[in-house]
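**Q** Each chain, letter by letter, is given below.
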Amino acid sequence: MTTVSLTVNGRAVSAEVEGRTLLVDLLRDRLGLTGTHVGCDTSQCGACTVHVDGMAVKSCTMFVAEIDGATVTTIEGIAGPDGALSPLQQAFREQHGLQCGYCTPGMIMALTALLQETPKPTEAEIRHHLEGNICRCTGYVNIVRAALAASGQLAPDTGAAH
Amino acid sequence: MHAFDLVVPASLEEAVAQLAEEEAQPLAGGQTLIPTLKARLAAPSKLVSLRGIAALRGLAQQGGELVIGAMTTHATVAREARAPFPALAALAGNIGDPMVRNRGTIGGSLANNDPSACYPAAVLATGATVVTSARELAADEFFQGMFTTALEEGEIIRQVRFPIPVGAHYEKFWQPASRFALTGVFVARFDAAVGVAVTGASENGVFRWHAAEAALAEAFAPAAIAALDPPDEPMIADLHGSAEYRAHLAQVLTARAVAAIGA
Numbered sequence: 001m002t003t004v005s006l007t008v009n010g011r012a013v014s015a016e017v018e019g020r021t022l023l024v025d026l027l028r029d030r031l032g033l034t035g036t037h038v039g040c041d042t043s044q045c046g047a048c049t050v051h052v053d054g055m056a057v058k059s060c061t062m063f064v065a066e067i068d069g070a071t072v073t074t075i076e077g078i079a080g081p082d083g084a085l086s087p088l089q090q091a092f093r094e095q096h097g098l099q100c101g102y103c104t105p106g107m108i109m110a111l112t113a114l115l116q117e118t119p120k121p122t123e124a125e126i127r128h129h130l131e132g133n134i135c136r137c138t139g140y141v142n143i144v145r146a147a148l149a150a151s152g153q154l155a156p157d158t159g160a161a162h
Numbered sequence: 163m164h165a166f167d168l169v170v171p172a173s174l175e176e177a178v179a180q181l182a183e184e185e186a187q188p189l190a191g192g193q194t195l196i197p198t199l200k201a202r203l204a205a206p207s208k209l210v211s212l213r214g215i216a217a218l219r220g221l222a223q224q225g226g227e228l229v230i231g232a233m234t235t236h237a238t239v240a241r242e243a244r245a246p247f248p249a250l251a252a253l254a255g256n257i258g259d260p261m262v263r264n265r266g267t268i269g270g271s272l273a274n275n276d277p278s279a280c281y282p283a284a285v286l287a288t289g290a291t292v293v294t295s296a297r298e299l300a301a302d303e304f305f306q307g308m309f310t311t312a313l314e315e316g317e318i319i320r321q322v323r324f325p326i327p328v329g330a331h332y333e334k335f336w337q338p339a340s341r342f343a344l345t346g347v348f349v350a351r352f353d354a355a356v357g358v359a360v361t362g363a364s365e366n367g368v369f370r371w372h373a374a375e376a377a378l379a380e381a382f383a384p385a386a387i388a389a390l391d392p393p394d395e396p397m398i399a400d401l402h403g404s405a406e407y408r409a410h411l412a413q414v415l416t417a418r419a420v421a422a423i424g425a
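Sequence lines, in order, name chains A and B. Going by this note's numbering, the first sequence opens with residue 1, and the numbers climb by one from there. Going by this note's numbering, the second sequence opens with residue 163, and the numbers climb by one from there.
Some hints could be false.
Simulated DEER-style distance windows between Cβ atoms [claimed, not checked]:
hint, chain 1, residue 1, chain 2, residue 2, range
1, A, Q116, B, Q223, 48 to 54 Å
2, B, A300, A, S86, 46 to 52 Å
3, A, G54, B, L401, 55 to 61 Å
4, B, H372, A, R11, 58 to 64 Å
Read the hints as simulated data drawn from the structure, not as lab findings. Glycine residues also receive a C-beta, built at the ideal position from the N, C-alpha and C atoms.
Extracted from the complex, chain A is given alone in its bound form (with noise of 0.2 Å):
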C-alpha cells in the first residue's frame, strides 16, 4: 500500500492505495464521485475521461500511484460552485447532445480540454477529437452540435436536429 495526495475538484484528498488501484475506482468507489464512469473495461469508450493536470486521460487506464501530487477534475468539479452549468454543458442541454447520458461525462470532459486548448475548433476537428469516446445512442450529431455551440459557432436560436 502507498499513500498518496490528490486535490480532486479543488479538494485534498489522501489516500492509502494499492499498486493495482486504477484513478476511476479511488474516484468512484472511494471518494463517492460516481459521475465519471466506467463503459468498457478495455480503454475504449472513454465514459471515464477526467483531467488529471489540466490533460483529458482515460482513469481507467492510470494508477492512482503512479500520480501523487497531481490535480484531478471530474465532471462534478465542471459546473461553477453555485450549481451553474459550464457553457458546454449548456449547449449540451440546449442541443439535445444526450440520450440515454451514460457517454456524457466522458464527452464533456474531453471537449472541454478541446475547448481549452482550441476555443473555436471545426467541426473536423470536434469530430477528431472524440475518437476515443463512444456513444451507442445519438450518432454525434447534437454532441458535435453542442460543442460548436459552446464555442459561439452556432447561432443559439437553432433548435437542435431531431
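Knowing the structure of chain A, use the given hints to seat chain B on it.
**A** Below, chain B alone, put in the same frame as chain A:
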C-alpha cells in the same frame, strides 16, 4: 487484475535496479499494458513506473537529428515535433485518441512493437537509433518480429534519435474500430537515399520494402511504385482484410505517401 507492487523511481539507475527483480516489468504510458493487466494476460509481481524519471522526457534537436525521450507522450510529439519533423508530428497526432495520446509514450510503443503500431514505421523508415539503458540499437536490429524487439530483460529505452529527412509522410489506413493501422506506410526521403517502412501488414511485424526504396532512389515519383510487384512478405490475413488486400494497400499507400511528399 492480479495484485502487484508499483514503484515510481526517480532515476534510470534506480529503475534498472528495480527491474532486476524476478517478474518485475516496466510501465511506460500504460495504454496497452493496463488493459492487458485487466484482462489478466500479464501478471507481473512488480511494475516499475518510468514516469518519475525526468531525463526520459522531452524533445531536442541535435545536429540533423531529432532526439525524443522514451517517456515523451504522443501528444507532446504531435505538438513539439511540428516544426522540426512535421510527418512525425502528424503520425503522433493520429495515434489512438486524445486521451491515449496524453498518456501513451514513444518508448512504450516501440518496446511493445505491436505489428499495427504507427511509430515503428517511422523509426524503421528513417533509420533511427534506439538508445537504451545499455546500448545503442539501429532500427534494423531493434525490430525482430511481432511484439518482439532486441531489448533484453530489464533493458529500458532511453531515447530515440531520428535523422530528420528532407521530406517525409506517413500514410495510414485506419482499422476503424481500433484506430491502429490496418496498414500504414512511412516514406522518408533523404539526400542520398529513401526509406520505406510498412506497418500493420506483415506477420513479421514492421518491415522495410527494399524494392520500393531502390525504385524511389532512382525516381522519386508514385509511378515508380506502381511499376513494382507488391512487397514479398507473409502478409496478415484476418477478418479485416486478406493478405492480398494488405499487400495491395502497402503499395497504394506508398504511392500516396510519395505523392504527398512531392517531387
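**Q** Compare the structure with each hint and give your call.
**A** These are the hints, each one checked on the structure:
The given range of 48 to 54 Å is broken by Q116 of chain A and Q223 of chain B, whose C-beta atoms sit roughly 28 Å from each other. Against the hinted window of 46 to 52 Å, the Cβ-Cβ separation of A300 of chain B and S86 of chain A comes to about 50 Å, which satisfies the hint. Evaluation of the 55 to 61 Å hint for G54 of chain A and L401 of chain B yields a failure: the beta carbon distance comes to about 40 Å. The hinted window of 58 to 64 Å between H372 of chain B and R11 of chain A holds, with their beta carbons roughly 59 Å apart.
Hint compliance for this structure: hints 1 and 3 are not met, and every other hint is.
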